[in-house]
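Two chains, two frames, a set of hints: combine them into the complex.
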Amino acid sequence: MTQEQPIQDTTSQSKKMLAINKTKLVVGEGKEEVSFFPKLLKNYASLFGERDLSQDFEFIDCGGKSKLETFLVRDLPIIPGWTKVTSLGIIIDADTPPKGFAPSFDKAQNAIKLMNNALTQMNYPIFPVPKKAARTELLDGRKTAIWIMPDNQSQGELEDLCLKALEQHALRPCICQMANCARSTNTVVPTSAKASLYTLLAWIEPPGKRLGELDNSFVRTWDLRVFQPILQSFFYQL
Amino acid sequence: METYFEVKNFRGFEHLVLEQFKLVNLVSGPNNIGKTSLLEAIFTHSAPKNIEVMLRTDAWRGLPGFELQAGGSAYGILEPSFYQMNLSRSLEFISKDKYGNKRQSKLTASGLGTIELTAPSKITRQAEMGPTGSAVSKGLSSGRSINIGHWEYQEQEKQSRYEIWLDQRGPEIVLRVEPSPALPAFQCIFLTPRAGLNPFEDAIRYSNLRRKGKETLVLDALRILDSSIEKLEVLTLVGAPILHVSWDSGRPLPLPLLGDGAVQLVRIILAIGEAEKGVVLVDEIGYGFHYSVQEDLWRIICGAAEMFNTQIFATTHSFETITAAHKVFSEKGNCENFQYFRLDKVENRIQPVYYDKEQLETAVNRGFEIR
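Those protein sequence lines, which keep their order, are chains B and C. The opening residue of the first sequence carries number 1 in this note's numbering; numbering runs sequentially from there. The opening residue of the second sequence carries number 1 in this note's numbering; numbering runs sequentially from there.
Certain hints may be false.
The calculated DSS-like cross-link candidates involving lysine-lysine, where the alpha carbons are at most 30 Å apart (straight line), are [what the hints assert, rightly or not]:
{"hint": "1", "chain 1": "C", "residue 1": "K345", "chain 2": "B", "residue 2": "K31"}
{"hint": "2", "chain 1": "C", "residue 1": "K357", "chain 2": "B", "residue 2": "K67"}
{"hint": "3", "chain 1": "B", "residue 1": "K24", "chain 2": "C", "residue 2": "K357"}
{"hint": "4", "chain 1": "B", "residue 1": "K132", "chain 2": "B", "residue 2": "K31"}
{"hint": "5", "chain 1": "C", "residue 1": "K345", "chain 2": "B", "residue 2": "K22"}
{"hint": "6", "chain 1": "B", "residue 1": "K113", "chain 2": "C", "residue 2": "K357"}
{"hint": "7", "chain 1": "C", "residue 1": "K357", "chain 2": "B", "residue 2": "K31"}
{"hint": "8", "chain 1": "B", "residue 1": "K24", "chain 2": "C", "residue 2": "K345"}
{"hint": "9", "chain 1": "B", "residue 1": "K143", "chain 2": "C", "residue 2": "K345"}
{"hint": "10", "chain 1": "C", "residue 1": "K22", "chain 2": "B", "residue 2": "K84"}
{"hint": "11", "chain 1": "B", "residue 1": "K16", "chain 2": "C", "residue 2": "K345"}
{"hint": "12", "chain 1": "C", "residue 1": "K357", "chain 2": "B", "residue 2": "K22"}
{"hint": "13", "chain 1": "C", "residue 1": "K357", "chain 2": "B", "residue 2": "K16"}
By construction, these hints were calculated from the structure, which means they are not laboratory data.
Next up, chain C with everything else stripped away, as it sits in the complex (with noise of 0.2 Å):
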């Protein structure tokens, strides 16, 4: 479990220190803040070897990512990333576990070479992530290559460092990092409502759920919002494995067809499930519930947190949401596994301010705007 992150020069954050992570962490601020980005730097840290993390996050904002337009030079793909978009200083990030292990990787943008391109490209992946982010070579061909950076990594005493290339093969732009990049360090699952849904990924997060023998998880949380469900299985759908729902009477409906609350829920348990032992980001957590559930979401999470060991990072801006965590949390006598903060901005740079239990009682009591 992450206890320590630091940030430099990664999208809107200069230098940000946080170092009271606990079990479950909710983030909250105004926006534009960099509740997001925040996700993002823990998303991109949990593989730091793997630029392809990093530019997926770029793709899910709608940025060019792995599209690149005819005239542009392909170098700039790193620059949303870097704070200010200067690539003059290395982006970096380090994080330290319970037991002080300290895990520390770095950007460093190189030369400004330019791949001229005619016509719209699309940068090949060296690498497809699965579900869980971990990486799968290709093994590519060299050719016209520009080297667009590299990544420092060091766990402990042990360092290593990937180039990172971009290789022009006709109209083909294939990213490459060299040496090829190794498992990343813990599964780290981020869900973003940007990210859209991926029915297949949840129906073989169930699956293994299913193998550990803790699917009844998912089935209990669904209930939550509607006690009258009575299964939850995986069918096919035009050939596609699909979770399903079903009722007493009626037939078994794609879990899509369902509410946006119910969609996000099951994803929430299946991820931390799925995730072991690792993280699991949720931005905007609050959303598609109504009020009346939050406190039964909470419970439900905290549990399956617990019973993972897997450590959660939410954003949100809604009151209920914090709310009714601090309750679930204070009640279950659970407070030393629960951390909320919001980041706040104090002259010109972000920082967290941390509440503890005595501190969001009193803001929840006496209606600060905390969201």
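Here chain B stands alone, though its shape is the one from the complex (with noise of 0.2 Å):
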């Protein structure tokens, strides 16, 4: 996560501030992501004996793919410590507008270049442009890596690859269940791993938690193999 600490200043309540500290950093579509991220990171290591990469990023939300353009070209140049880095990923879902991988490809790629037209005003090192997802590209000592969620192929978000996570879960059945029912009411979108994931969480001690907010030994018992392409193809890469 991004260092966040409360201002020492006359004010009526405590903020948190964001900047970055770090030369990684993980722009991401939603709060939800930007925190779960350092917790796989540190869980995946921990099962699997690799190393440890959840400091060495920083995680910052582009408040949803339809602002990411606008993310990186007005407001990420302007974050103070933005000049410190000289990794740069970016995951998109691949089933929010422009729907489907290579549209959501497309649109990161086109994001990056309008970045660098930004950044080449403001006299600043310009990042290279993916030509492929999943494949880190370099330039100048600069690298930079674009992830369409889930896999780079198939429609989906994170939490996709977070139900694929809990397959075995004892819960999954009744989740399934749940599911059709809810179709079958015509009511509701007709897939959503978002829904199903969350009506699991609801079930879970203590329950309602959001994705971010999970407690370690409880992701420590889904299988993050699941993770392993985006982990190593993408974080372990960048």
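Quick look at the structure:
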């Protein structure tokens, strides 16, 4: 996570401040993802004896896929500490507009190009534009990589991977039944990994936790091998 | 009004270019990035022919400035102003106003002349600066002298050169500039906590403001902090004219007895009025102010700056100060009068990061660490 410190200032209440203090930065779509990734990296490393990268990365959300370009062009370069960044990763979902892997990858690629235009105007170094997903691109000591959730191929989102990692959980059949029941009413979205995952999490003690708030002991019970592709081809390469 | 400013080889700046100055400019950045140095650069360039202005900023920092230790080299008095204290390259300032008029000043240190001192000495100023930085020559005699450098000054097509001499007259060292510097290009007032207070100067500025018929500005400003204040006037205290504040009952109190915020606010408004069509530099502008009054503070500053057409450059480490300025200048529909920027380090060089209205809005709302 980004380093957040209380303001030492004359203020009515403490706020958390956002700054980049590391050289590796991953931009995700939403708050849940960016707070889940460090947890994933930490527990994966501990289970499989890999190097713990959770402290190597800063994670910042762009406020949604539709805001990716605006965020990279207008906001990211003005976040204090941006100039420290030498490795930039972008993770967006395939199942939000523009839907599908290819349009999503094009969107991320284009956003990096536009960001580079802005960086050039600001007299900042630019970043390479990845030609393929899950492949780091290197330019003048700067690395970039793009990952389209869930697997650089199919429709989906982070929650699809999480559900896969919880395939063997005792509650899964119940959640499937619940999903089937909900779908039969024709009043809900046809597929929603998010809905299924959070229904499951609602039944876990303590109930109702968000992805980023889950206990490490619970995450370690998941089948984290599901995340191996993104960890090995994306995070460990950046 | 200055819109462009370039600094070369001054303090921590090897080369810094700033080109989006507005009427009110707020600068932040991490410690030791050069915020105060930027103000010092603007201050020095406001009276570029007057070496004493630059040495005064050294003295505020606690550097020897005009004080020389036994065995020291008088030549060294210029060193702190130069990038990496390296005198082999000239330090230079270039500014442009909104009409494109260019002013350029360049200080070059000359040969390694040394005045050997057997006892601590004080450099006597050839000129004494008034509150606005203007100089009054005292006219000094010559003696054993060393030339420590020269200023080259260019304004549009007009060029001039000023030699800087140190004259030794017994135990006394005299700083001399030839020809005697003329009045500065514009009035520039530097308010920095390091310089300490000068109630006498404040009283003079208040009197000047009163002559302009604008003295109620100061009382209005003070009432932001204490609405029960009735009156502000110059009274003598032990024979010295000092601003006094009165309430509806009780004796008038000298202004310096009030809190830091009240004193700072009065000094800022007085400086804005004094430096009409000039520049006011305020180091740590939020110092002493409770967060709840910061928006009113900016409304008063904005109003005064517009009234006197005085350009403001201020530094801050306070998120509340930045947020309040953004809010006030946005609500007034007056964003074209306000520029916020941070100084940041990019690959070992310092450069500005400008925030437009939308970017500052995002930074404030998402809590970017822009202090």
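Hint check:
1. C:K345 x B:K31: holds, 28 Å
2. C:K357 x B:K67: Status holds; Cα separation ~18 Å.
3. B:K24 x C:K357: holds, 28 Å
4. B:K132 x B:K31: holds, 26 Å
5. C:K345 x B:K22: At roughly 15 Å apart (the allowed maximum being 30 Å), K22 (chain B) and K345 (chain C) satisfy the hint.
6. B:K113 x C:K357: holds, 24 Å
7. C:K357 x B:K31: holds, 25 Å
8. B:K24 x C:K345: holds, 18 Å
9. B:K143 x C:K345: Measuring from Cα to Cα gives roughly 20 Å; hence the hint holds.
10. C:K22 x B:K84: Holds, because 29 Å separates the two Cα atoms, which is no more than 30 Å.
11. B:K16 x C:K345: Distance of about 23 Å is within 30 Å: holds.
12. C:K357 x B:K22: Holds, because 27 Å separates the two Cα atoms, which is no more than 30 Å.
13. C:K357 x B:K16: Status holds; Cα separation ~22 Å.
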